[in-house]
Amino acid sequence: MTALSTRELADLVGGDLQGQGTRLIVDVAALNGACPEHLTFLDGAAAEGKPRTNAGAVFLAEKHRNALGPDSTADLIITPAPLDAFVKAMLHYRPVAATPTIGISPSARISPTATLGQDCHVFPGATIDEHVEIGDRCVIHPGAFIGAGCRIGDDVTIHANAVLYPKMLVGRRVIIHATAVIGADGFGFQFQNGQFVRIPHTGTVRIEDDVEVGAGTTIDRAMIGETVVGAGTKLDNQVMIGHNCRLGKHNAFASQVGLAGSVTTGDYVRCGGQVGVADHAHLGTGCSVGGKAGVHGIVPDGEDYHGYPAGPAKETYRIAMAVQKAPEMRKQLRVLEKQVQELQSRLAELDVLRVHTPAA
Amino acid sequence: MTALSTRELADLVGGDLQGQGTRLIVDVAALNGACPEHLTFLDGAAAEGKPRTNAGAVFLAEKHRNALGPDSTADLIITPAPLDAFVKAMLHYRPVAATPTIGISPSARISPTATLGQDCHVFPGATIDEHVEIGDRCVIHPGAFIGAGCRIGDDVTIHANAVLYPKMLVGRRVIIHATAVIGADGFGFQFQNGQFVRIPHTGTVRIEDDVEVGAGTTIDRAMIGETVVGAGTKLDNQVMIGHNCRLGKHNAFASQVGLAGSVTTGDYVRCGGQVGVADHAHLGTGCSVGGKAGVHGIVPDGEDYHGYPAGPAKETYRIAMAVQKAPEMRKQLRVLEKQVQELQSRLAELDVLRVHTPAA
Amino acid sequence: MTALSTRELADLVGGDLQGQGTRLIVDVAALNGACPEHLTFLDGAAAEGKPRTNAGAVFLAEKHRNALGPDSTADLIITPAPLDAFVKAMLHYRPVAATPTIGISPSARISPTATLGQDCHVFPGATIDEHVEIGDRCVIHPGAFIGAGCRIGDDVTIHANAVLYPKMLVGRRVIIHATAVIGADGFGFQFQNGQFVRIPHTGTVRIEDDVEVGAGTTIDRAMIGETVVGAGTKLDNQVMIGHNCRLGKHNAFASQVGLAGSVTTGDYVRCGGQVGVADHAHLGTGCSVGGKAGVHGIVPDGEDYHGYPAGPAKETYRIAMAVQKAPEMRKQLRVLEKQVQELQSRLAELDVLRVHTPAA
Numbered sequence: 001m002t003a004l005s006t007r008e009l010a011d012l013v014g015g016d017l018q019g020q021g022t023r024l025i026v027d028v029a030a031l032n033g034a035c036p037e038h039l040t041f042l043d044g045a046a047a048e049g050k051p052r053t054n055a056g057a058v059f060l061a062e063k064h065r066n067a068l069g070p071d072s073t074a075d076l077i078i079t080p081a082p083l084d085a086f087v088k089a090m091l092h093y094r095p096v097a098a099t100p101t102i103g104i105s106p107s108a109r110i111s112p113t114a115t116l117g118q119d120c121h122v123f124p125g126a127t128i129d130e131h132v133e134i135g136d137r138c139v140i141h142p143g144a145f146i147g148a149g150c151r152i153g154d155d156v157t158i159h160a161n162a163v164l165y166p167k168m169l170v171g172r173r174v175i176i177h178a179t180a181v182i183g184a185d186g187f188g189f190q191f192q193n194g195q196f197v198r199i200p201h202t203g204t205v206r207i208e209d210d211v212e213v214g215a216g217t218t219i220d221r222a223m224i225g226e227t228v229v230g231a232g233t234k235l236d237n238q239v240m241i242g243h244n245c246r247l248g249k250h251n252a253f254a255s256q257v258g259l260a261g262s263v264t265t266g267d268y269v270r271c272g273g274q275v276g277v278a279d280h281a282h283l284g285t286g287c288s289v290g291g292k293a294g295v296h297g298i299v300p301d302g303e304d305y306h307g308y309p310a311g312p313a314k315e316t317y318r319i320a321m322a323v324q325k326a327p328e329m330r331k332q333l334r335v336l337e338k339q340v341q342e343l344q345s346r347l348a349e350l351d352v353l354r355v356h357t358p359a360a
Numbered sequence: 001m002t003a004l005s006t007r008e009l010a011d012l013v014g015g016d017l018q019g020q021g022t023r024l025i026v027d028v029a030a031l032n033g034a035c036p037e038h039l040t041f042l043d044g045a046a047a048e049g050k051p052r053t054n055a056g057a058v059f060l061a062e063k064h065r066n067a068l069g070p071d072s073t074a075d076l077i078i079t080p081a082p083l084d085a086f087v088k089a090m091l092h093y094r095p096v097a098a099t100p101t102i103g104i105s106p107s108a109r110i111s112p113t114a115t116l117g118q119d120c121h122v123f124p125g126a127t128i129d130e131h132v133e134i135g136d137r138c139v140i141h142p143g144a145f146i147g148a149g150c151r152i153g154d155d156v157t158i159h160a161n162a163v164l165y166p167k168m169l170v171g172r173r174v175i176i177h178a179t180a181v182i183g184a185d186g187f188g189f190q191f192q193n194g195q196f197v198r199i200p201h202t203g204t205v206r207i208e209d210d211v212e213v214g215a216g217t218t219i220d221r222a223m224i225g226e227t228v229v230g231a232g233t234k235l236d237n238q239v240m241i242g243h244n245c246r247l248g249k250h251n252a253f254a255s256q257v258g259l260a261g262s263v264t265t266g267d268y269v270r271c272g273g274q275v276g277v278a279d280h281a282h283l284g285t286g287c288s289v290g291g292k293a294g295v296h297g298i299v300p301d302g303e304d305y306h307g308y309p310a311g312p313a314k315e316t317y318r319i320a321m322a323v324q325k326a327p328e329m330r331k332q333l334r335v336l337e338k339q340v341q342e343l344q345s346r347l348a349e350l351d352v353l354r355v356h357t358p359a360a
Numbered sequence: 001m002t003a004l005s006t007r008e009l010a011d012l013v014g015g016d017l018q019g020q021g022t023r024l025i026v027d028v029a030a031l032n033g034a035c036p037e038h039l040t041f042l043d044g045a046a047a048e049g050k051p052r053t054n055a056g057a058v059f060l061a062e063k064h065r066n067a068l069g070p071d072s073t074a075d076l077i078i079t080p081a082p083l084d085a086f087v088k089a090m091l092h093y094r095p096v097a098a099t100p101t102i103g104i105s106p107s108a109r110i111s112p113t114a115t116l117g118q119d120c121h122v123f124p125g126a127t128i129d130e131h132v133e134i135g136d137r138c139v140i141h142p143g144a145f146i147g148a149g150c151r152i153g154d155d156v157t158i159h160a161n162a163v164l165y166p167k168m169l170v171g172r173r174v175i176i177h178a179t180a181v182i183g184a185d186g187f188g189f190q191f192q193n194g195q196f197v198r199i200p201h202t203g204t205v206r207i208e209d210d211v212e213v214g215a216g217t218t219i220d221r222a223m224i225g226e227t228v229v230g231a232g233t234k235l236d237n238q239v240m241i242g243h244n245c246r247l248g249k250h251n252a253f254a255s256q257v258g259l260a261g262s263v264t265t266g267d268y269v270r271c272g273g274q275v276g277v278a279d280h281a282h283l284g285t286g287c288s289v290g291g292k293a294g295v296h297g298i299v300p301d302g303e304d305y306h307g308y309p310a311g312p313a314k315e316t317y318r319i320a321m322a323v324q325k326a327p328e329m330r331k332q333l334r335v336l337e338k339q340v341q342e343l344q345s346r347l348a349e350l351d352v353l354r355v356h357t358p359a360a
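Protein sequences appear in the order of chains A, B and C.
Using our numbering, read the first sequence as starting at 1 and increasing by one per residue.
Using our numbering, read the second sequence as starting at 1 and increasing by one per residue.
Using our numbering, read the third sequence as starting at 1 and increasing by one per residue.
Check the hints yourself; a few may be wrong.
As the list makes no split between identical chains, a pair holds if one copy fits it or if it spans any two.
To be verified - With a Cα cut of at most 25 angstroms, we get these calculated DMTMM-like pairs of lysine to aspartate or glutamate:
#: 1; residue 1: LYS167; residue 2: ASP27
#: 2; residue 1: LYS167; residue 2: ASP155
#: 3; residue 1: LYS325; residue 2: GLU315
#: 4; residue 1: LYS50; residue 2: ASP279
Worth flagging that the hints you see were computed from the coordinates, not collected in a lab.
Make a model of the complete structure from these sequences and hints.
Below, the structure is given as structure tokens:
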């Protein structure tokens, strides 16, 4: 965490320094919270908004060289990818916390039939049930519950009070955040004699490599077969994935998104917050769904859908704009009706007149 | 888990076999994931969609006898209720996990003043606080917390890390899934001297028999009296039930439904995902509310409501269709206004003309 | 919990008794659930709705003196603030549970490097990690996890299975309900070589004094700097506060509200249930946002916004009313088009006629 001069920061990220290079920078900070001893960065969005900052050093792109205006006294470091550079510098000032050294705590509850790989860390109060298999370098935090027969890959982190029901399948480098629940029974019942009778759910959930599951997110087990979350997919907090859903690779769902049962998605699908998707719907590869949208049926590959019911963004926008005018349209209609009536009665007069015209 | 011939499967469910009956079936599978050694089933929805399957045996209804097309090689087993039959067969291949044999774990935290019935199973790390009364054959999983004075009936299962605040009332055969929270203080405050001051919530929650509460679902305690979840009602994951709500019997709410305070419902009410219900609203017996709908006031018995604000489905649909045309309507209005102006000016000419007509 | 006469109740709250004053009241109850031995109260909302009650005593405002109708036999106690009076009486009948006497449980997991103030109560199965600092009179319930380096003020209550990630800052008199999660990594990734790569989140969450965080609510840590929840702000259950949000003082958010990243709010902001707010939006001081609304950009100070997209309540209401008429408007348009065509053809005839009129 030693201080770096702006010259040293420029060298660290291979950036082009504009300024003395002698200022000493002791930490990173957000654009608006920064002091002269801080490094910050300017991304596209911020650059548009007449940004101001007291930071002593700023990473920014060539095209935003002048975005901070003439009276900025910061040393500028020009780099094609300011955020990437900033993350690199941040890791100099704030090294990621060293991996824990606790090892397997004697007050963790681990079944004798469970197997753990090399260099795992299991905290007090974590529970690992019968016949669980865990890979190398996994970290299981306090209160986490891993049900019987779960199989977990290498380098997985399971945070405090997260719950894996029995027989879940988890790939490598997966992060499961606090209180997330993987594998509760799907919401499937038969209606018999006036009552809902649970359909036994004997399926599972398969989470592929490099997935991140947010805090409070729930992923239900399949009735039979698997509910699948594809490799590299990131789920924010409080997301709900229903039974038998099959998500593709590298999806990104913002918080409070809800998928009903048997939804399928392609790869690189993005959903904004609070999106709802009806059962058996399909979100095509590369499509994106705007926040709060409600999807039925199919979103084609690469399309951008918005609204409720969701439709192509452009069309939805046109409709929303027109709807804003609905009260005005009603007025226009009333005026037109009056005018047309007038015209009709005046024409009627003329007709009467015609009849008495000798020329007729 | 012995293999069964398709003949034996037909006999097991009293179905009508169409095929050799000699194939050996080793497991159940979903329609699209099945291999020739698997049994699957065809329900109404799937039957419409030109279904294909590699399954060796298929349960289906008489009217779908030909749904799989000519080139299907599966043995068909005709039965009036394919799903019921399938569940029966599934339980042959995948018997429900035997009830646990752990008994009362010495490393569960159970108050000496708590009482448990016969044949209960309490896992390590579960907490049962003072004066709790628990019935027979209950299963309490690791990390579950049962607050002081809770009263719980027979055959209840409480999953890992679920939380019952003090004094909750839980009926028989209730299932509470992981991380569900029963009995947090309702969101009630008095605004005094510029601050929100909590209104003490001294009421409770009463969960009747055969209720299922999903993972991450929260049910708040009443200010006074009870928040009630009626017998047989099923709540999916991440559902929110506010203080003083009174749900009837056999309701079914999909995930992320939210009820504000003092909402009442009749029996057999169904809500789709992400439905929101304003405080003091009433959902009538047998009504259903479509996904993402927003309800104020009253939904009459038996009605099907959709949209936001929610209205009768048919009407909401008609409006939604018309709204799609709003941009076109604006165009039509502009055209009409122009046409009417033309007509007005042409009539004006005619009037002028009239004045000079001798006949006039 | 001794019984009080209605006379004694009137004296207790300084109210004006209308009735004998001799009835004995043994407990409080809700308006519709009350028996003759119960006290209840009538607030504005209930008073409008032809209220009925069997309560023996009712607190109500002067202007509602006759709201219960002639055949009510209750003793009435007139008081300017019926709810305040009711809460006062409720605390006589139902004293708030005495603070626990457990002290620091030996089976809580407390790091030797953690420091706790006077008169704290830490329950079995709670985890307090390294270098945590906790103030006086705090209560930490079973299964709660407090990560390394958290700093917590006086008189804080943390309920069962709540999770504080490392380095969180919590003020005084804060209540964190069961399974709430403070400080999970914000949903921030860089898209590199076809994959989402996590942006390290080295910031924290700062919760100011007198905040209440609902069950299942999640508040993400900032990438750098702080996610802030201002003093006196109350968050209901299942609320999501994204990374880098900065909430002002005395906000009140109903359940299932979701804020994306970097949202800012003024003071005294109210949000109804299931409101969604897009990233970088601002909710102005004293504004309110109606349930289910979707906010982009800025809600001005003191404004009341509704709908999706959210706009001023009055305007949104006018538009919603007009939209209800959309099908009718389409009909009107068709009629008008037909009428205008008729007019056009009849005028055409007249023109033809004109040509043959000698006078022309």
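Hints, verified against the model:
Proximity of LYS167 to ASP27 under the C-alpha cut-off of 25 angstroms is restricted to the inter-copy arrangement: shortest distance 17 angstroms between copies versus 45 angstroms within a copy. Taking identical chains as interchangeable, the C-alpha atoms of LYS167 and ASP155 lie at most 25 angstroms apart whether they share a chain (19 angstroms) or sit on different chains (23 angstroms). Taking CA atoms no more than 25 angstroms apart as the test, LYS325 paired with GLU315 passes in both settings, with 16 angstroms inside one copy and 11 angstroms between copies. Proximity of LYS50 and ASP279 under a CA criterion of 25 angstroms is satisfied inter-copy only: 18 angstroms between copies versus 45 angstroms inside one chain copy.
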